[in-house]
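S.K.: Sequence:
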Amino acid sequence: MKGLLSLSMALLLTAVKANNGESSIISVLGTATFLDLDPSVQHIPLDPSEKDLRPPPARIPDTFEIHIGSSVFRDGYRCGKTLFTALKRAVYPERLRFGILEQLVDGDPTCLDEYCKRARDEWPDYTDCRYKDRIQVTPRSAAEASGCTTARYQQQNMIGDEEFCLQVDGHSIFTNDWDEVMLDEWKRIDNEMAILT
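Residues -18 to -1, 1 to 179 (mature numbering (1 follows the signal peptide of the UniProt record, and there is no 0)) make up the sequence shown, in order.
Keep in mind that the hints were calculated from the coordinates and are not lab data.
Misleading hints may appear alongside valid ones.
Dumping the calculated DMTMM-like pairs for lysine to aspartate or glutamate here, alpha-carbon to alpha-carbon at most 25 Å [claimed, not checked]:
hint : residue 1 : residue 2
1    : K169      : D18
2    : K70       : E144
3    : K169      : D34
4    : K99       : D88
5    : K169      : E144
6    : K99       : D110
7    : K114      : D88
8    : K63       : D95
9    : K114      : D161
10   : K63       : D159
11   : K70       : E126
12   : K70       : D110
13   : K70       : E47
14   : K63       : D103
15   : K33       : D166
16   : K99       : D166
17   : K70       : D18
18   : K70       : D161
19   : K70       : D143
20   : K70       : D159
21   : K114      : D151
My request is simple: use the sequences and hints to build the entire structure.
M.R.: As structure tokens, then:
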């Protein structure tokens, strides 16, 4: 186990080459060691003696939350629909937290107002807007907007201690059971460091 964690953390992708087939070669930082990886997954060493150098397998804790972030420019209507489909179609909507950076001018419909209209229609038994407490909105002036990269940076500052993070466009539509499907796909990769794109 000695060095396993430090070696796992010190892997750096240095070359990917192909001749008559694919191969992925990575180096271990600070050493002259190179590992030949399985090209179909690019994180499992082909040499059985190096199997301990692979990243840890995917693990999902018993309780966790998913942060869903979005940067929205003057599009409260579609942003509200995005929030609504994410919550309505999730298997576990109580696990979701939203961080929305919304760039507006006076009079624009807001993401939260548009979401709440749909939520009140869908869940009339709730006196207030259902799941509203799971949505954090940071408004900004659209006149002072400086592009999507800056907006996403500001939005990512809203990420808390959630176990998982998802970045979506403000006009996304979620499919049924999307949260379980996404986590199942991540588990199948069997790499805790994996990023789905």
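S.K.: All the hints need checking, so say for each whether the structure fits it.
M.R.: Hints, verified against the model:
no.: 1; hint: K169 <-> D18; result: holds, 23 Å
no.: 2; hint: K70 <-> E144; result: holds, 20 Å
no.: 3; hint: K169 <-> D34; result: holds, 19 Å
no.: 4; hint: K99 <-> D88; result: holds, 19 Å
no.: 5; hint: K169 <-> E144; result: holds, 17 Å
no.: 6; hint: K99 <-> D110; result: holds, 11 Å
no.: 7; hint: K114 <-> D88; result: holds, 22 Å
no.: 8; hint: K63 <-> D95; result: holds, 11 Å
no.: 9; hint: K114 <-> D161; result: holds, 19 Å
no.: 10; hint: K63 <-> D159; result: holds, 16 Å
no.: 11; hint: K70 <-> E126; result: violated, 33 Å
no.: 12; hint: K70 <-> D110; result: holds, 16 Å
no.: 13; hint: K70 <-> E47; result: holds, 16 Å
no.: 14; hint: K63 <-> D103; result: holds, 13 Å
no.: 15; hint: K33 <-> D166; result: holds, 24 Å
no.: 16; hint: K99 <-> D166; result: violated, 32 Å
no.: 17; hint: K70 <-> D18; result: violated, 45 Å
no.: 18; hint: K70 <-> D161; result: holds, 11 Å
no.: 19; hint: K70 <-> D143; result: holds, 23 Å
no.: 20; hint: K70 <-> D159; result: holds, 9 Å
no.: 21; hint: K114 <-> D151; result: holds, 19 Å
Of the numbered hints listed earlier, those contradicted by the structure are 11, 16 and 17.
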